[in-house]
Amino acid sequence: MSNISSWLTLLKVISWKEFKSIVTRPLFFVVTSMYMLLSGWLFFNYLAAAKDMTTLSVETSVFRPLYGNMNFVFLFIIPLLTMRSFSEERKDKTLDLLLSSRLDKGHIIAGKFVSLFMVLSIFVSVLAVYPLILSFSGFENWSMVLSGLLGLLLTASCYIVAGLFFSSLTDNQIISALMSYVFLFFCMLLIFSAQSTNNMIAAQILQYLSFLFHFEQFASGLIPTYSFVYYASFLGFFSYLTYYSLKQREW
Amino acid sequence: MYVFFGIILSVLAIVNVGTWLTLTEYLQFNMIYSTVIALGFVAYVWFFREKFRHFYESIWFRKFSSAFISCCLIAVILGFGNYLAFKNVKNFDFSGRHIHSLPPEMKDLLSKVPGPIKLSIISPQHSYNAFRTYMNQLKSEKNDLSFEFFQPHLRPDLLKKHNIEAEQSIVVTYKGRHDVLTSFSHVDFARSFKKLMNAKRIVIGFSSNHNEASLKSKDGDGLKSFGEFLAAADIQLVPVDLRSNQFQNLKKEISSLFVWGPKVDFTKEELSSLDELITEGKNVIVALDPSVQKDNVPALRAWTKNYGVFIQNSFVIDKYSFVNGSNGTVPLVQQQWGGKEFYNLKMPIFFPLTSHIQAVNMQGRELDGKIEIEPLLASSQQPHSWAEMNHNEMIQQQYLYNSTEDFAGPVTLSALVKVQNMGSLLLLGNSKLVENNYSKFMNNFDFLLKNVEHLSYSKSEIKLSMPMVQAEPMFVNGIQIKLVFYLSIFVFPLIGLLTAYFTYRIRLKS
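Line order of the protein sequences matches chains U and X. The first sequence begins at 1415 in the working numbering and counts up by one. The second sequence begins at 6 in the working numbering and counts up by one.
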């Protein structure tokens, strides 16, 4: 029990240090402002367009496309955040110091993941403000909003964990970000391959492997239990790969 | 040489992936092809083993193979976990209109179908996924429901057998009987299941020869929206001419008859036909609008007196609860009569220019003691509402309560008369409340559709729900849009930029 407690204490220390190092930079607030501007502009446009389409509900005409677009925005933002996680440490030769400290690799990976997840939560919580504004006009379908936000949070967590893995492979931040982009786009586009194949089983597998398929379901208000298993598997698998990648530096 | 063969084998392997994805029907070919490729790789490695020695004896290769094998093992375990989760899925539907779930009536219907149902889906392969989602929903409610997919070009025999011409169709088979579906809504499936079970379809008549509003008209004053709601609930609508000979045949089929805002009066024979319907246990739904000029339907109004009620040619004024801008002529009913909860109605309901319904003394009448009157909706309490009998006040738009001629509120706007061992009579003081103009105001439709549902279906009958919009469109006014604009696009990003500036200043100082 005390092991778990000390493990969690260390995790808290590392993640908080990482989190502070991100959010105390002016650049973070500039990026957040740009993000708010973009999401606010999209929200306003969807709302202005939906105002006249009285046969559609706000969920389908405003929030669903908004979350879809924000998911795409995260796909661009997150590799930029994750690229420096290990690559910078490798480049500055601090990674070996970190690995030779009393921290285990699990701490380092989980700490970096949790700190980025907290940053991501700030971005996602911005999106929760918009339905709050609409609630003054009678909007009350919070379950679908929360389902969409949860989908966004889980999908973006996958981006983080994949980004961390690619960051652990190279000391070049640009290459790390590029590899993340290529991989994430590939995963996203799997759903289109699924639509083009005639093989039913292959189509189902490809569709299942694409996080866009799972995200779309969350955004439409459907939460299937297998999506949680998928996200957990994705996070677990890439955390393992990152762990393995760091382990290779031990020798 | 070994590079050349390596490239050849790799290209063949990539082509094999393509054949698995595209030539799905040639299973045997794909399997043989894959086996040949696999054997080719084994032979390749065997023949060039000396060339590969330095490679597979290196530390790099050992590390790589170790990492590769452990990753594969983990991927297999995770894949198996995902497969189990996919096969034993539980869905939680948080969408506003429950678009991902079967309607409760469909679930009820499926539970009432004894024995297995087989669905043969004949469709091009690219549409399989869309069908599969719905089929799995059906199957989750009925375990012995099975489905199979067929491509039209591979099964011409099926097309011929069921005389299918559509690109996509589903053959529903139940106890050796078949039904072909070419459209695939909940109602289509339910209708098919009911048809194969020999379940009776509800038929509602619509009196059509007294200048009533048209069920087919898309105009603002038409009733097309209302007709579509009834059709979507698998209710068949038939126009009825009470004077025609066909009426005697139709009479047996219909469960209710709508007399909806007639502008021409009914003859004695037609009124007798209405009596016949009620005597035979059918229902008559009468909606009469008030008229400032001469009353067009005095005989029909008088006929209702036989059932203990009378639709006055009055105008209900409600100064307490009314639609904004109507000056009280469009009462907005906030709650049901006496605070009762009939059929879980959604309130408020509005009645544009409505007359009121009053009870009459039944003494000496045929049905004395055999009727039960149930007021459904009424206007506000006295002194806020009354039924205006002076039509001049309506013309001059100056409404004043006059205790000598007007009826004091609350006045009844809708009432149900149940006749002992016979049918029912539903009365409304207005027929406009469900015209196309008001199709966005679902509460009015909800009120009438639930009444129709209540009257038309017996408890044992399999019914379909009235398709109501659960999440109505939201109206955002200009001020709110401006608020959204300034908050989302100016205020929030500005706060972020100011914080960035102050953070920069603090860091600069420190």
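Honestly, I wouldn't trust all of these hints.
As the list claims (entries may be wrong) - In silico DSS-like cross-links for lysine-lysine, where the CA-CA straight-line distance does not exceed 30 Å: (1) X/514 with U/1426; (2) U/1507 with X/92; (3) U/1431 with X/514; (4) X/147 with X/205; (5) U/1519 with X/68.
Simulated from the structure, these hints should not be mistaken for lab results. What you are looking at is a predicted structure, and each value in this text was computed from that prediction instead of being measured.
Against the structure, the hints:
This hinted pair checks out: residue 514 of chain X and residue 1426 of chain U have alpha carbons roughly 29 Å apart, not beyond 30 Å. Only pairs whose Cα atoms come within 30 Å are accepted, and residue 1507 of chain U paired with residue 92 of chain X is rejected, the gap being roughly 47 Å. Under the criterion of a C-alpha separation no larger than 30 Å, the hint pairing residue 1431 of chain U with residue 514 of chain X is consistent with the structure, at around 21 Å. At most 30 Å may separate the alpha-carbon atoms for a hinted pair to count; residue 147 of chain X and residue 205 of chain X meet this at roughly 22 Å.
Restraint check for residue 1519 of chain U and residue 68 of chain X: the C-alpha separation of about 19 Å stays at or below 30 Å, so the hint holds.
Checked against the numbered hints given earlier, this structure breaks only hint 2.
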